[in-house]
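Enquirer: This is what each chain is made of:
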Amino acid sequence: MRKYLALFLCILTLVSMLPVALIVRPVKAQLSPLYGGTLINAVPVMPNTFNGAIAYDGYLLYEEWNVFDQLTHLVNGTVLVPDLAYDWTASPDFKQWTFQLYHNVTWHDGVNFTSADVKYTIEGINAIQGYRYDIFQNVLKIDTPDPYTVTLYLNQSNSHLAYDLGDWYMAPILPKHIFEGTDWKTNPATMKPIGTGPFKFSEWVSGDHITLVANDNYFRGRPYLDRIIFRYIPDYTTAFTALETGEIGALPSDYIEPLSIPQFLGNPAISVSIRPDIGPIVINFNLKKPPFDNVLVRRAFLYGIDRVEVSKRAYANWCPPSENMFLRGSDLTNPAVVLPAYNQTMAEKLLDQAGYPRKADGTRFSTTLTSSSYGGEPDAAQVIIEQLARIGVKVTYVGPLDFSTYISKVLGKRDFDFSVSDGNRGSPAQEQILLGTTGYRNEPQYSNPEVDKLFSEIRSTADPAQIRQYFYKIQEILYTDLPMFLLVDYMDAFMNRADFHGLPWQYELSGGRDFIYSKVWWTGGTPLSTMTTTAATATTTAVPTGVPAEYFYTVTIALIVVIIAAIYIVARNRARTRRSS
Amino acid sequence: LSTLYRYVGRRLLEIVPLVFAVVAINFVLVHLAPGDPALFLAGENSNSEQLAAIRHKYGFDQPIYMQFATYLALLLRGDLGYSYFQSKTVLQLILERLPATLLLVFPAYTLGILLGTLIGVFAAKKYPGKTDTVVSLSSMAAYSAPTFWLGMLLILIFARDLRIFPSFGITSLTAEKQGLEYALDIGWHLFLPVVTLMAWCLPTFVRLARASTIEVMREDFMLTARAKGLSDNVIFFKHALRNSLLPTVTTAGLYMGMIFSGAILTETVFAWPGMDLLLYHSIATRDYPVMSGIFMFTTLCVALAMLITDIVCALLDPRVVLK
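Each protein sequence line maps, in turn, to chains A and B.
For what it's worth, our numbering labels the leading residue of the first sequence as 83, then goes sequentially.
For what it's worth, our numbering labels the leading residue of the second sequence as 2, then goes sequentially.
Derived from the structure by calculation, the hints contain no laboratory data.
Every residue, glycine too, gets a C-beta built ideally from N, C-alpha and C.
The reader is advised that the hints may include incorrect statements.
Claimed, not checked - Here's a subset of chain B near chain A, in silico, CB distances under 10 angstroms, partners left out:
| id | residue |
| --- | --- |
| 1 | 51 |
| 2 | 152 |
| 3 | 175 |
| 4 | 273 |
Said to hold, decoys possible - Straight-line Cα separation of at most 16 angstroms, EDC-like style, residue types lysine to aspartate or glutamate; simulated pairs:
| id | chain 1 | residue 1 | chain 2 | residue 2 |
| --- | --- | --- | --- | --- |
| 5 | A | 495 | B | 37 |
| 6 | A | 371 | A | 499 |
| 7 | A | 476 | A | 430 |
| 8 | A | 491 | B | 37 |
Bound-form chain A, shown alone (with noise of 0.2 angstroms):
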């Protein structure tokens, strides 16, 4: 009798210690990431070479970040954090910019990383013109006093140059004993490259999948995953089913527009992460075209576009529709800049008066509406179209056309209207770029002698306070003139398997570093010694919060099962007994 009270007892404390390890189970899974696994990352475009610095090569990006490093790096498109270089000065006048150098920072092939690397590297960029030239040019000289120390010496002063150096564009160092002496072109480290980052380049299967492995010797810690395949899948829907079916790991945010955010929501093997983008969608107008010459009939446009209106039925709610003349919850936003709600009468009334009236048919004037085929710009030009039809105004859609085209059209041939854009404004460097006088991405030809001297005294000037009065004035201005405005503050929306977490796009989970996959790591992995004790740590000090109720009552339930099958058991066990006897 008393064995199977004994026996009874054993059970029960094992059930009841059932909901503990079931508590902490989740707990522990998001606090210690584990090693090994592969995600297979879709592409929509593959990279032409894995060389960066031979020319602007959009789609190289995710590849080229994992395997390269820069001298900064810009997290979030804000703080700027150190990445090969763990310190900056810059002298009073900006034109003299020295770095210090990590010390223990090797190349793929073991070789040390040294300041040679970073001089070779930008003399290089200026001798071909190659990719950021546009930041290089200006660099008379480089000293490199030590193996860990760099200095440029500007022609220019240049207050953003270590952002300049940070931004997700990738300015990386190439590696001098490599390609010393060779055309980078031809170089076979072009093709099969050797970095100083967390993956080190193993296959490229052309038009199918680039394959990095994890770099153990990293200087940063080795990263989680074992291996990262960048796998190029076109088509959208194609990659979405591979995501469903779990044939692929994570979907970038080039994949998916918020009108196709919803079907998404809900699945629980999914993770949706929807982040803010730099590149808010804008109204340009062609001033040196009539009926735009005119800021009254843009002004009009202004009241008569119903920005609500375009994020409800282009862009499903995802991208809230734009408030100032910057972006949304930037501390360089003007607040007191404030753009008006919708107001057909007002739009009507300033059209009149621009010297536009309806005539006999109704309408006031014909015009054109230019926009490539990106960012959801086809349905927010149908939508205004309609709205525009409201107060009189007959447009045509010119469109939608592919990247090189909608260029070579707007900002070769300046042969347009007005059009629905985008452009990355993160920065007033970037905005200098979209609007400034001699702005190679100037689409509406703006030029105001004013918004320029405002825009170069920001560049000798590192105070952020002083930056900030210098643009709250650029933005009451550009109210005034109306080259452009905001239409909606786009949104992009990534898409991961719930079972990887740390994407560069989990910014609370990854450190926020754009397209770095060093941080990401797979339920399925296990942990190494070194994390067993990290690993029971946390598990002790674990909260047990958030836990699904469902665990509680499958917990309880089977605890009675228990005990009753127990009960059972010692009664039938002693009848028997009692019989035998």
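Model the placement of chain B on the given structure of chain A, informed by the hints.
Expert: What follows is chain B alone, placed relative to chain A:
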């Protein structure tokens, strides 16, 4: 036989001006299309100086006839050129991607023609009747279905819902496979794209074989054959089929070229790493040398296929005379 040799020689010579014409037309068309490769080479952050430098470096600033002359001079030396973007020659790129395309196109093409002809002949044999009507209608429906739509539908049904086939690619990348296992893996990935591409060419051959067989069955010599007292099967297979297959052979030759260009949609939908996906990418980035190279390759394929078709036709039909 010497007639045949002379004929082949002459036809091969004829290919030369044909290819030249196609190269010229392609070159003009490709350069007339809006867009500028310099933009892709310089990138978003480029200024007009940089663009000018790149245009000069690659010769985009020269008049189009000079660019054509340069291209032609290279071509005569057997050099298809160098990709603007990828660090490889055009020939290297094409040869790298050709095997995957052949792997997809060859089974789809042969199965499409064989099955299509068999079904068509079968329907003709049952003509007029319910079976024939069903075959005719369904082949018409299949003929009208767009390739990309069919491909997506197959992916949604067989990959997403039933999970029996993979939705894209040529191999699974998560596990390393060797030997037979590797071959089976490719076959498993090949199934849906082949069905999609086959569905594109099969209905044509069904309709063609059916129509021409029915037509031949009405000819006078068929009546003669019957009058001779030949059995139905002998009449059908020996007399009718041999005559009715001539249009099929001719069309098969034409399709040889079309299937290379037709695979572009299938390769895109299934992310199949073939030559057509390379073409798609080079069009998007205005990589002129790669575009022209693939177009020329396709032209050569069509020209050669037409030659082979003519010879096969002559062998099949004694009435065709090679001159």
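Enquirer: Are the hints correct? Go through all of them and say.
Expert: We went through each hint and held it up to the structure:
Taken as an interface hint, residue 51 of chain B checks out: its beta carbon lies about 6 angstroms from the nearest beta carbon of chain A, inside 10 angstroms. The interface hint given for residue 152 of chain B holds, since its Cβ lies 8 angstroms from the closest Cβ of chain A, which is under the 10 angstroms cut-off. With its C-beta approaching chain A no nearer than about 6 angstroms, residue 175 of chain B sits inside the 10 angstroms limit, and its interface hint holds. Residue-level restraint check for residue 273 of chain B holds (minimum Cβ-Cβ distance to chain A is 8 angstroms; threshold 10 angstroms).
For the hint linking residue 495 of chain A to residue 37 of chain B, the alpha-carbon distance of about 12 angstroms falls within 16 angstroms, and the restraint holds. With a C-alpha separation of about 7 angstroms, the suggested pairing of residue 371 of chain A with residue 499 of chain A holds against the 16 angstroms cut-off. For the proposed pair residue 476 of chain A and residue 430 of chain A, the alpha carbon gap of about 14 angstroms is at most 16 angstroms, so the pair holds. This hinted pair checks out: residue 491 of chain A and residue 37 of chain B have alpha carbons roughly 10 angstroms apart, not beyond 16 angstroms.
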